[in-house]
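*Asks:* The lines below spell out each chain.
There are 2 protein chains.
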Amino acid sequence: MLAKKLLAIISLFAAAKASSQIESSLNLLPVPKNIQVQQGSFTLTDDFSVAIHEPGADTIVVKAVNRMYQALNRRSGLYFKRRYISSKDNSATSALQIHVTKIAAPFIGVDESYSLTVTSDKIILNAPTSIGALHGLGTILQLLAKNDTGEFYFPGVIIQDAPRFPWRGLMIDVSRHFMPLDVLRRNIDAMATVKMNVLHLHLTDNEGFRIESKVFPQLQNKGSNGDYYTQAQIKDLIEFAEDRGIIIVPEFDMPGHTKSWFAGHPELASAPGPYEPGPPVDFHNVQQMNMSTIMQLVTTAPFPAFDPSKESTYQFIDKFIAEMSGLFPSPFIHIGADENNGVVWKNNPDIVAFMQAHHIENTHALQAYFVSRVREIVKKNHKQMIGWEEMFSKDIAPDATVQVWQNSAYTKKALEHGNPVLISKGFYLDQFMPAYIEYKNPELPDSNSSQVRGGEAAEWTEIADKTNIETRIWPRAAAVAERLWSPASVTDTDDMYRRLFAVSEQLDEQGLQHIADYERGLRRISNEHFDAVKTLADVLAPIRGYKKLFAQLGKPESVSYQTAPLVQVSDIVFVDSRVKWQFRNAVRSYLVNKDAASEAIIMAFLVRWQNNHEQVKMLFAYSSQLKAVEEHSKNLAAVSAIGIDALRKIKAGGSPDANWTNEKLAILKSANKSYGETELCIIPEIEALVSQRLAPLPASYPIL
Amino acid sequence: MLAKKLLAIISLFAAAKASSQIESSLNLLPVPKNIQVQQGSFTLTDDFSVAIHEPGADTIVVKAVNRMYQALNRRSGLYFKRRYISSKDNSATSALQIHVTKIAAPFIGVDESYSLTVTSDKIILNAPTSIGALHGLGTILQLLAKNDTGEFYFPGVIIQDAPRFPWRGLMIDVSRHFMPLDVLRRNIDAMATVKMNVLHLHLTDNEGFRIESKVFPQLQNKGSNGDYYTQAQIKDLIEFAEDRGIIIVPEFDMPGHTKSWFAGHPELASAPGPYEPGPPVDFHNVQQMNMSTIMQLVTTAPFPAFDPSKESTYQFIDKFIAEMSGLFPSPFIHIGADENNGVVWKNNPDIVAFMQAHHIENTHALQAYFVSRVREIVKKNHKQMIGWEEMFSKDIAPDATVQVWQNSAYTKKALEHGNPVLISKGFYLDQFMPAYIEYKNPELPDSNSSQVRGGEAAEWTEIADKTNIETRIWPRAAAVAERLWSPASVTDTDDMYRRLFAVSEQLDEQGLQHIADYERGLRRISNEHFDAVKTLADVLAPIRGYKKLFAQLGKPESVSYQTAPLVQVSDIVFVDSRVKWQFRNAVRSYLVNKDAASEAIIMAFLVRWQNNHEQVKMLFAYSSQLKAVEEHSKNLAAVSAIGIDALRKIKAGGSPDANWTNEKLAILKSANKSYGETELCIIPEIEALVSQRLAPLPASYPIL
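Residue numbers (this note's numbering), protein chains in the order written: chain A, 28 to 731; chain B, 28 to 731.
Since the hints were derived computationally from the structure, they do not count as laboratory data. Take the hints with a grain of salt, since some may be wrong.
As the list claims (entries may be wrong) - Below, in silico cross-link-like pairs of lysine-lysine (DSS-like), each with a Cα-Cα straight-line distance of 30 Å or less:
hint, chain 1, residue 1, chain 2, residue 2
1, B, K346, A, K262
2, A, K262, B, K493
3, B, K262, B, K129
4, A, K493, B, K129
5, B, K90, A, K493
6, B, K439, B, K421
7, A, K249, B, K407
8, A, K678, A, K696
9, B, K661, A, K173
10, B, K241, A, K115
11, A, K90, B, K249
12, B, K108, A, K493
13, B, K661, A, K108
14, A, K493, B, K493
15, A, K249, B, K129
16, B, K440, B, K493
17, B, K346, A, K493
18, B, K644, A, K173
19, A, K115, B, K249
Just chain A, with the same shape it has in the complex:
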């Protein structure tokens, strides 16, 4: 009994120690389910060796070990004596011992758990399946640290890990802007790094049909500008993803969002053609609209949709889904089913007659009929159906997964109806919300019911293309990944941001283009003044919500958002400024501790910002992109001067007089405006210096 009590005390102590050490030294993202930091560490040397014990040869774990070898090799600069292993390497003397109970390919519900122990002379990774082992290898790589003398080591830890949700997805819209395969491969690598496991490809939409059909080749030939994935390419991509523990779920959006299908097959449409791929309606006036006009547009516009009254429609879908079911091994097929307002159905007398004949009382019921017909086809091909929330109706089969994106009521309704749900509401990356907003997403049900499959970060690409999509998705998606993997109790925003920027470096190192694309975008507009332009851009963020989208849609000079060049500063800058967080952390620390180190950091930033406008101002006449953010450059100088003043007052001691404070806060408030669809993101921290109090971050921001 005494022994047990003692053990409990020791483990409490260990836990406390672990938690403080995690904050100070470990960069794991997502945070594991259980972690105890131990004394000691394992030093990485050139004779680092790996043994694998598993019931199979040449598995995905062997490949993953060899990728890890390369990563360790590059990061450490060591000349490893071994850098490749095969399944025959199973020596008990090797430093890293991997035990896999069962060979498995990735699937939803596979046991993804693993346990990992690092001591000073051994690293033991145990996993019930190959997939758990992949995650464990990822954790090992993230554990690698460097001490002050440049030596690399793995800190001593005991980890038991398993995901909170079995579905941790990223949706990429490849229709509005096509994404080349290397963009997808880099995203898959990044997903694997943060233990995501589903890449949901939105392959078809009004603007482009992006997958080769051999049965109906006009789909891609007339439904795209030539940019689509061939079936051979998709097979390669699926293998690439599976090797990294990721499945690819294809989406073929229907009955709406189907204009590109109709370019080659107008006979499928509810209204006569001809069609060509492109936006479903003219969006030019959207920027001038208020909310109710926009809602009216969305409910009254004749968005193209399949004709659900013709048997030939289902015969076509039947052949198409059969072909795609053969191509994609995923047991899930996503049928979209979103944003179909029924207007074209009501406008077509034949469809109206069909509804009357079949006692279908409204277009909602007609959509439910369509969905039930498609579900039969999907089921016949041994697949499970997924759709966006509008797919749900009270008559839907309970095996259909409902992906909630806009209306939380659907979560409740679907769960009550027995349907599995996926949460994407609150995870829409294209809404430009800072990572902490997605991190604290209130939409995720508390329930541990297996009906809640998990969620998906979603990147729609009306205003993202191959040159900036990696900056739009990463590193923010890592916050979603942690929300879906780590226990619900892991909620420390500051620590999440610390690790988010660490993982961002890891992603950069492994070849993701987010930082490279950011800097390339700035180089293009900055000539020889790159440093000064970057100093400004580093503290700008795109305005939150759909304002940037509407600004882009509404440009009267743009034929469609697909022809708009995404070269504005707002297209280039990150949603989460790393510099903002460095500054914020220094301000927070300084307000509490008045420490010289934080003061020096704050002062260095403020002085640099104050002087920066002089460095860039000659560029504004030369670059229309920079011109759009000129006011921010002026304001940055002005608010930095206020910050310097405020810092002096804090050092002088006492509280500043209220007049000064109010005057400065008013100036700061007036600088807190958007220009060129960007905002200056360090104003809250300068306000904190003025008011000597750091306000918490807003809990939410309006989407519109």
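With chain A held as given, fit chain B onto it using these hints.
*Replies:* The following block gives chain B in isolation, referenced to the frame of chain A:
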């Protein structure tokens, strides 16, 4: 007669004007055959339109126009009213009028000429073939300029252009380090930008067999670590290249350089197995060797080679070449045939007996016999054979192309024998020679004989991998491209460098990773001190010649160069420092003009460099990579101080005393050493400040 004289005078005048204007404003690389700069310019606006007149639909020219639209769109930030055209767009009112006489795919000898006229209201591009039109479109894109008010325009020009040589190639070794497809695609895009037209893939070598054979799958399965191109991927790549006017010539190196073949097929080898892919011999001691020992190693080591005495060898090659001839549409097949020293043949009694029976007097004659047998196979498949210079023998068929890489005598011998030649000697990018050395390559024959097909830049990849190959090849390969395209009279090195760095920006803009990889490499070793590390790295260059290769081969801790991490500073920095050229140009100008602008540039560099060591010195304990160049950092501070002194003395007037000069030149000389396989590249310019005279660049450097 008078009229003719007058015309001649006018065109002389025009030429003089053209040449001065090229220097000041045009960034064309390669320089066209004939260019006259005209008054006026064409302003790019959002209603820029293109018409195409050609005898065919959906051609490579239409695709190229659409790529150009995207590039113009991104560069200008304009919202074009049209951004895609089809072959139906042929309105006479469009701004850009393209006339193509004949649809053509790329092939060696296709008419690549074009003429281009830009006036204030029209751009006319005429080309006899699709390929000429592609080149013309590339020129249009390079002509795009921006005036001081941020407006984009094409300067008025009349251009008649055609290449000097029909074969302007880049060879990439994908065996020693495998290069993913996106690396190849980015290289193809870059090649097209500088009008190169042949990508020569060195697909097989001792270290890896990188192409899928369906007939003999053990070739890639056992001959690689899993990294190879599938046939489907190669088909995609060929189409991607053809769209850009580039053919892909495959190389299957034989009879030597074949260890990876023997891993799966030991029966082909001249000595018993087993084999696995890897370096042909142990190179560990090479760094300690002198030149004669190295030569001895090369002539006496038992390098693996095919057994040329067995009929079964030719039966195998016959089936393999037939398969590859079907896969690669290129009319050329490269069979390597280099560096086979015959040792394994002499060691094999059966082969010796075969030689005696067939009156083959030595291994050179046996190689000639092997080559003649392989040529029959190549010819049977309707292909032409290419090989490295050692393929040549007096009995070789005159249709075989000889690629000279080491011994100029082969150029003469092959030409006299009637064989076509390709020059790679002097174009070996992996020798780390500055671009001007390749630019002035004396190996290219003056002859305009069609027997001289052209040349190829060559990048062997013992010490280059996917993370740095783009910095190894680009922008230097553009200097080779110009040498092979532009008239021999175009030789101005300074102007070449000006345009080289401009084209480097263009390559960055279109997605090449050279700058991104450089900066990513530096980020990895610099923590938060990126700017200071970059300031140092910007003035470092890898040591020239094979010293770095030998240093890498000879690392006793490395199992082979394939397991060595390429993360040293010498793996990261560019061969041609842009900063060096900025500094050099300012020094040159200042020594002539004593102008304040140049003085300010020089001083800004020197002060920054003098202070930089203080900024980075704390990193040396932390990073072994930086530690290796610590002396350079110290020396940079020291030589910059000398430069500042020298600048003061020049300003003071008169010539400095000889003692001071000699003392400082001695210090500079002692700083001109290599550390960590890099050199400080701005010493000649500081010497120029000290001696008040800028010495010309050395005409050559030793390779060893």
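*Asks:* Now tell me, hint by hint, if it's right for this structure.
*Replies:* Hint check results:
1. Distance check on the hinted pair: K346 of chain B and K262 of chain A sit about 28 Å apart at the alpha-carbon level, within 30 Å; holds.
2. At roughly 23 Å between alpha-carbon atoms, K262 of chain A and K493 of chain B fall within 30 Å of each other, so this suggested pair holds.
3. Note on K262 of chain B and K129 of chain B: the hinted pairing holds, with a Cα-Cα distance of about 25 Å set against a maximum of 30 Å.
4. Under the criterion of a C-alpha separation no larger than 30 Å, the hint pairing K493 of chain A with K129 of chain B is inconsistent with the structure, at around 34 Å.
5. Between the alpha carbons of K90 of chain B and K493 of chain A the distance comes to roughly 18 Å, so the proposed pair stays at or under 30 Å and holds.
6. Restraint check for K439 of chain B and K421 of chain B: satisfied, since their Cα atoms lie roughly 12 Å apart, inside the 30 Å limit.
7. Using a Cα cut-off of 30 Å, the hinted pair K249 of chain A and K407 of chain B is violated, with the two alpha carbons roughly 41 Å apart.
8. With a CA separation close to 24 Å, the supplied pair K678 of chain A and K696 of chain A stays within the 30 Å bound.
9. Distance restraint check for K661 of chain B and K173 of chain A: the Cα-Cα separation of roughly 25 Å lies within the 30 Å cut-off, and the hinted pair is therefore satisfied.
10. Distance restraint check for K241 of chain B and K115 of chain A: the Cα-Cα separation of roughly 27 Å lies within the 30 Å cut-off, and the hinted pair is therefore satisfied.
11. Distance check on the hinted pair: K90 of chain A and K249 of chain B sit about 15 Å apart at the alpha-carbon level, within 30 Å; holds.
12. A distance of roughly 21 Å separates the Cα atoms of K108 of chain B and K493 of chain A; the hinted pair therefore holds under the 30 Å criterion.
13. The hinted pair formed by K661 of chain B and K108 of chain A fails the criterion: a straight-line CA distance of about 34 Å is larger than 30 Å.
14. Straight-line distance between C-alpha atoms of K493 of chain A and K493 of chain B comes to about 20 Å, which keeps the hinted pair within the 30 Å bound.
15. Proposed proximity of K249 of chain A and K129 of chain B is supported: the alpha carbons are some 26 Å apart, at most 30 Å.
16. At most 30 Å may separate the alpha-carbon atoms for a hinted pair to count; K440 of chain B and K493 of chain B exceed this at roughly 37 Å.
17. A C-alpha spacing of about 42 Å is found between K346 of chain B and K493 of chain A, which places the hinted pair above 30 Å, so the restraint is violated.
18. This hinted pair checks out: K644 of chain B and K173 of chain A have alpha carbons roughly 18 Å apart, not beyond 30 Å.
19. A hinted pair counts as satisfied when its Cα atoms are at most 30 Å apart, and K115 of chain A with K249 of chain B qualifies at roughly 15 Å.
Hints 4, 7, 13, 16 and 17, counting from the list given before, are not met by this structure.
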